[in-house]
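Based on these hints, arrange chain B on the given structure of chain A.
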Amino acid sequence: MTTLTEAPEASAARETPARRRRPVDRLPYLLLLPCLVIIAVLLLWPLGQVVTMSFFKLDNVRQLRGDREWPWVGLANYTEILGDPFFHTVLRNTVLFALANVLLTMVLGTLVGLLLNRLSARMATFVGTCVMLAWATPALTGAIVWKWIFDDTSGLVTWLFNALPDGLSTALFGRADWTGYGWFNSPLLFFAILTLVVVWHSFPFIAVSVLAGLKSVPSELHEAARVDGAGPWKVFWKVTFPLLRPVFGILIVLSTIWDFKVFTQQFALAGGTQDRTTYMLSIYSYASAFSPPPKYGLGAAIAVILTLILLVVTGFYVRMVLRQEES
Amino acid sequence: MKRAAVVKRVALNGAGLLVALFAAFPVYWMISTSLKPNREIFSTTPRPVPANPTLEHYREILTGDLIPGVTFVDFFLNSVLVAAATVLLSGLVALLAATAVARFRFRLRTSFLIMLLVVQMIPLEALVIPLFLMIQRLGLYNTLPSLILTYLGFSLPFAVWMLRGFVAAVPKELEEAAAIDGASRAQTFRRILFPLVAPGLVATSIFSFITAWNELIFALTFINDQDRYTLPVAMTFFFGRDDTAWGSVMAASTLLTVPVIIFFVLVQRRMVSGLVAGAVKG
Numbered sequence: 001m002t003t004l005t006e007a008p009e010a011s012a013a014r015e016t017p018a019r020r021r022r023p024v025d026r027l028p029y030l031l032l033l034p035c036l037v038i039i040a041v042l043l044l045w046p047l048g049q050v051v052t053m054s055f056f057k058l059d060n061v062r063q064l065r066g067d068r069e070w071p072w073v074g075l076a077n078y079t080e081i082l083g084d085p086f087f088h089t090v091l092r093n094t095v096l097f098a099l100a101n102v103l104l105t106m107v108l109g110t111l112v113g114l115l116l117n118r119l120s121a122r123m124a125t126f127v128g129t130c131v132m133l134a135w136a137t138p139a140l141t142g143a144i145v146w147k148w149i150f151d152d153t154s155g156l157v158t159w160l161f162n163a164l165p166d167g168l169s170t171a172l173f174g175r176a177d178w179t180g181y182g183w184f185n186s187p188l189l190f191f192a193i194l195t196l197v198v199v200w201h202s203f204p205f206i207a208v209s210v211l212a213g214l215k216s217v218p219s220e221l222h223e224a225a226r227v228d229g230a231g232p233w234k235v236f237w238k239v240t241f242p243l244l245r246p247v248f249g250i251l252i253v254l255s256t257i258w259d260f261k262v263f264t265q266q267f268a269l270a271g272g273t274q275d276r277t278t279y280m281l282s283i284y285s286y287a288s289a290f291s292p293p294p295k296y297g298l299g300a301a302i303a304v305i306l307t308l309i310l311l312v313v314t315g316f317y318v319r320m321v322l323r324q325e326e327s
Numbered sequence: 001m002k003r004a005a006v007v008k009r010v011a012l013n014g015a016g017l018l019v020a021l022f023a024a025f026p027v028y029w030m031i032s033t034s035l036k037p038n039r040e041i042f043s044t045t046p047r048p049v050p051a052n053p054t055l056e057h058y059r060e061i062l063t064g065d066l067i068p069g070v071t072f073v074d075f076f077l078n079s080v081l082v083a084a085a086t087v088l089l090s091g092l093v094a095l096l097a098a099t100a101v102a103r104f105r106f107r108l109r110t111s112f113l114i115m116l117l118v119v120q121m122i123p124l125e126a127l128v129i130p131l132f133l134m135i136q137r138l139g140l141y142n143t144l145p146s147l148i149l150t151y152l153g154f155s156l157p158f159a160v161w162m163l164r165g166f167v168a169a170v171p172k173e174l175e176e177a178a179a180i181d182g183a184s185r186a187q188t189f190r191r192i193l194f195p196l197v198a199p200g201l202v203a204t205s206i207f208s209f210i211t212a213w214n215e216l217i218f219a220l221t222f223i224n225d226q227d228r229y230t231l232p233v234a235m236t237f238f239f240g241r242d243d244t245a246w247g248s249v250m251a252a253s254t255l256l257t258v259p260v261i262i263f264f265v266l267v268q269r270r271m272v273s274g275l276v277a278g279a280v281k282g
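Listed in order, the protein sequences are those of chains A and B. First residue of the first sequence? That's 1 in the working numbering, and the numbers climb one at a time after it. First residue of the second sequence? That's 1 in the working numbering, and the numbers climb one at a time after it.
It should be emphasised that the hints constitute simulated quantities derived from the structure, not laboratory data. From the three backbone atoms N, C-alpha and C, an ideal C-beta is built for every residue, glycine too. Don't take each hint at face value.
[Stated by the list, open to error] Straight-line Cα separation of at most 30 Å, DSSO-like style, residue types lysine-lysine; simulated pairs:
no., chain 1, residue 1, chain 2, residue 2
1, A, K295, A, K57
2, B, K8, A, K215
3, A, K234, B, K172
4, A, K238, A, K215
5, B, K8, A, K238
6, B, K2, A, K215
7, A, K234, A, K215
8, B, K2, A, K238
9, A, K234, B, K8
[Stated by the list, open to error] So these bits of chain B aren't anywhere near chain A, every CB distance computed over 10 Å:
no., residue
10, A4
11, A51
12, R59
13, P68
14, T150
15, P199
The shape of chain A in the complex, shown without the other chains (with noise of 0.2 Å):
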């Protein structure tokens, strides 16, 4: 902070005839610095480590800490990884939930935020706010109240179930009685009840910007879309859609990102890391590195595989919002 006051005024530089011949003004990159100095030791040193990591064998803490040597095997963690059924079971769930999710979190998402848009001003101001709710609840709390929701005696949604007319129950589900059933116990259910926890949590995000989105349309193009008798659904996909296609870009984008990593809740639900048939990537990874017997080269071969996947959807990202910041 120091050098502030020793460094020269700019805007009365600017006026002066020697302008051309102007040192490098440093001030920039001495503010710049703390920053860039965190960001490159807790967010890049760590991802170039993440790498390093998964070319060793370290199953030892003492390894993490230096006190005893790393021996290098090459690709052997990775090989390990590809080459077990198991992880293509893991890979397979997670994009498959990563896409089931992002799609129902942005139709619902778009959906709501259609409907804020034509509701009446304390109408939308009061739904507005049960789904600022949704959105402000923290993952952990929300993943445990939806467990509550879930619980096999006294949970709502076994209620509801024992409450279903025995025979109808019977006719659907094959079963009259719900207390006692574990909501959680078959992987399909589990990732069903995970979606529901995910979306729950996510598509607010996506209403409030569709919302933000729409607002910035002029109004009169959706009215003379509709005067020359287009519904909904035409005036939706040929003049809301288009105009907001770049927002839409981004929610997108930006939920693949969140829906692949989805750790917190997955924990929650799950009640830690030994049940393996709900694993996704990130779990795997964290539960190959941590759950004794530690393997953290493993783990963080299949931190990197993780990585890249994103790393593909981050160029997009980046490409979208360099784009308009260009236009």
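Just chain B now, kept in the frame of chain A:
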């Protein structure tokens, strides 16, 4: 024609109420459960509203030992300490960097902005292992500073990204006028820019706060001693058991959630503009 309009209004409002119910119900249910006595919680016919509201679960977690010798208040204080330190450090560093980016044209400026965007997309979950290594090497394992350091790195890129908008929004003429009046750069910064950016700094700080307050994975990995747990770690600890005491869990969840909701509502508008940067033209 008129009837069609009425039907449409009713349908829209009905859909709105359904959305509101879906979004807000879990939060309501959390608070409602936390206020019910155990015999209402563990009944097989749940009541929508507590019939005999009680604060017993709050009393339980605030006074009783969750883990021998450690109360909820300890976890709460750990979380507050970590979040507060993160907010202060991140706010200071981000303000300096945002000023550089918004007030100066220099080489590498665009590169820096692109890097900010890219690092925000790094899957933090993938950094647990290397950061665990770093924390071990630095001798910070099982200390709260290990978390402050980690969250500082996580919250900084978004904080700079968001603050640069606030700094850019302050008219440059004000600073130039101050400079002409003979103010030094430091004085201009302190007397002109800082007060005008302060509201933006508050908004940015809230995001850093929420990041630090909610984080689970790193806290779970870097902290070993139970008296150093942050709130989220403590939650997983006493809720993972078979005979979950849902009343206490919901009371603790409420205490963890409510500060975040209050802060969040204050700054949510900035979140959209920060993340969808430039995509929506006003």
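Here is what the structure says about each hint:
For the proposed pair K295 of chain A and K57 of chain A, the alpha carbon gap of about 8 Å is at most 30 Å, so the pair holds. Under the criterion of a C-alpha separation no larger than 30 Å, the hint pairing K8 of chain B with K215 of chain A is consistent with the structure, at around 21 Å. With a CA separation close to 46 Å, the supplied pair K234 of chain A and K172 of chain B exceeds the 30 Å bound. A hinted pair counts as satisfied when its Cα atoms are at most 30 Å apart, and K238 of chain A with K215 of chain A qualifies at roughly 17 Å.
Between K8 of chain B and K238 of chain A the CA atoms are separated by roughly 22 Å; this keeps the pair inside 30 Å, and the hint holds. A hinted pair counts as satisfied when its Cα atoms are at most 30 Å apart, and K2 of chain B with K215 of chain A qualifies at roughly 27 Å. Between K234 of chain A and K215 of chain A the alpha-carbon distance is near 19 Å, which keeps this suggested pair within the 30 Å criterion. A hinted pair counts as satisfied when its Cα atoms are at most 30 Å apart, and K2 of chain B with K238 of chain A qualifies at roughly 28 Å.
For the proposed pair K234 of chain A and K8 of chain B, the alpha carbon gap of about 18 Å is at most 30 Å, so the pair holds. A cut-off of 10 Å between C-beta atoms confirms that A4 of chain B is not in contact with chain A; the least separation is 14 Å. Non-interface status of A51 of chain B relative to chain A is upheld: no Cβ of that chain comes within 10 Å, the nearest being about 15 Å off. In this structure R59 of chain B is separated from chain A by more than 10 Å, as the shortest Cβ-Cβ distance comes to about 20 Å.
Distance check for P68 of chain B against chain A: the nearest CB is about 21 Å away, which clears 10 Å, and the non-interface claim stands. The claim that T150 of chain B lies off the interface is violated: its Cβ sits roughly 7 Å from the closest Cβ of chain A, which falls inside the 10 Å cut-off. Chain A leaves P199 of chain B outside its interface by the beta-carbon criterion, the shortest separation being 20 Å against a cut-off of 10 Å.
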